[in-house]
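Construct the complete structure from the given sequences, taking the supplied hints into account.
Protein chains: 2
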Amino acid sequence: MSDFRIPGITVYRLALYARVLENFLSEGKELVSSEELARACGVNSAQLRKDLSYFGQFGVRGVGYSVPALLKHIRRILGTDREWPMVLAGVGHLGLALLNYDLLPQRGFKFVAAFDVDEKKIGRVINDVYVYSIEQLPWVLKEHPVEIGVIATPAKAAQEVADLFIAQGIKGILNFAPVRLKHPKNVVVEHSDITLLFDKLAFYLRRLD
Amino acid sequence: MSDFRIPGITVYRLALYARVLENFLSEGKELVSSEELARACGVNSAQLRKDLSYFGQFGVRGVGYSVPALLKHIRRILGTDREWPMVLAGVGHLGLALLNYDLLPQRGFKFVAAFDVDEKKIGRVINDVYVYSIEQLPWVLKEHPVEIGVIATPAKAAQEVADLFIAQGIKGILNFAPVRLKHPKNVVVEHSDITLLFDKLAFYLRRLD
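Sequences listed follow chains C and E, in order. Under the UniProt record's numbering, the first residue of the first sequence is numbered 1, with each subsequent residue one higher. Under the UniProt record's numbering, the first residue of the second sequence is numbered 1, with each subsequent residue one higher.
One thing to keep in mind: the hints can contain errors.
The list cannot tell twin chains apart, which means a pair is met if one copy fits it or any two copies do.
[To be verified] Listed next, the in silico DSBU-like pairs over lysine-lysine satisfying Cα-Cα at most 30 Å (straight line):
{"no.": "1", "residue 1": "K110", "residue 2": "K156"}
{"no.": "2", "residue 1": "K29", "residue 2": "K156"}
{"no.": "3", "residue 1": "K182", "residue 2": "K156"}
{"no.": "4", "residue 1": "K72", "residue 2": "K110"}
{"no.": "5", "residue 1": "K29", "residue 2": "K182"}
{"no.": "6", "residue 1": "K72", "residue 2": "K182"}
{"no.": "7", "residue 1": "K185", "residue 2": "K29"}
{"no.": "8", "residue 1": "K171", "residue 2": "K185"}
{"no.": "9", "residue 1": "K72", "residue 2": "K121"}
{"no.": "10", "residue 1": "K121", "residue 2": "K182"}
For the record, the hints were derived by calculation from the structure and aren't laboratory data.
See the structure below:
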């Protein structure tokens, strides 16, 4: 439980380091300095070294980091060295995009069932995932317990879905609906807000002139 | 140009602070301490104060920050105190989700045109946005110049679209395709990778047990 003190933004950066290391690895790069890795991630190298120092000692002074070893280590820290089966609620445009996003299963995050309230969607199979009625959620989760539930419903339905997920033992929720969810302390909720990226773009754009 | 030295992650946090301040404002909250704001944002308060110190002096010691004044100031820093017209390339599931995401125009980010290569999509109007053939892109951008282009195409089409955007004077690109784009230094490219959020969720989930 002590790792709960690690700030969310540090964990986000660890995930970012993993992505950049994956790119380096696919380019055949074996060694990287903290300066180079930091630059590719858009952080400063002191920050990078501090983030990694939370989890022990990495790298060799003057030599840098072994790309595959550091990647393996970060994946173990993140918990992405295993498979995470998931369920999805809400098969709208975003839900369809998520079900069809092949990078997720490639990284171990695999949808095993989807749910909707729309009769026209129930019974469809999208990228090998069956769409159930939301009423079947307790039964499906009892038969196929998973730890992660993803919410891609309209805002007004999100809390009800979260309550259903939590009642069926789901411990981690990724919420794409633009609403803050109430949840017990032993459930982890991450909220996705893509408008943050547009803000960031505006910041740098305004400074181009 | 000097603000280019501000790390991307700091800008991301500024956007996050703006969101949380918006929530506080909608709840009628007028004053907030740096500790409370930091906690709501998932950062530590020293980090928050350091981020804000890049842009001058805020708040009154022992009293805290005025929520509306700090929000207004951060919006001015971010450049989200104005409208940003945008175009979209790729009207697939994710593109449709973006065109229908009403929080974007509410925050000043408004699509004025969309582009696709699929005959079945060209000529459709989605949430008041017309879908043009990608071949019409130079003409549309000449008639309606915008600064931001959003890429929601498959990975293999993303670089070609980015080149078209840049040739027509677009200065900021938000790329949802899972590929790193080549671009000149006077063009800002932000890359969206939602798999980072799943990684973050996995990290905290594994530490629940």
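Now the hints, each set against the structure:
1. K110 with K156: Both. Shortest intra-copy (26 Å) and inter-copy (23 Å) distances satisfy the 30 Å Cα cut-off.
2. K29 with K156: Answer is between: at 23 Å across copies they meet the 30 Å cutoff, but 47 Å inside does not.
3. K182 with K156: Intra 13 Å, inter 40 Å, cutoff 30 Å: intra-copy only.
4. K72 with K110: Only inside one copy: K72 and K110 sit 20 Å apart there, 41 Å across copies, limit 30 Å.
5. K29 with K182: between (44 Å within a copy, 19 Å between copies)
6. K72 with K182: between (34 Å within a copy, 28 Å between copies)
7. K185 with K29: Result: close only across copies, 24 Å inter versus 42 Å intra.
8. K171 with K185: Within one copy only: 10 Å inside a chain, 43 Å across chains, cut-off 30 Å.
9. K72 with K121: neither (39 Å within a copy, 43 Å between copies)
10. K121 with K182: within (28 Å within a copy, 39 Å between copies)
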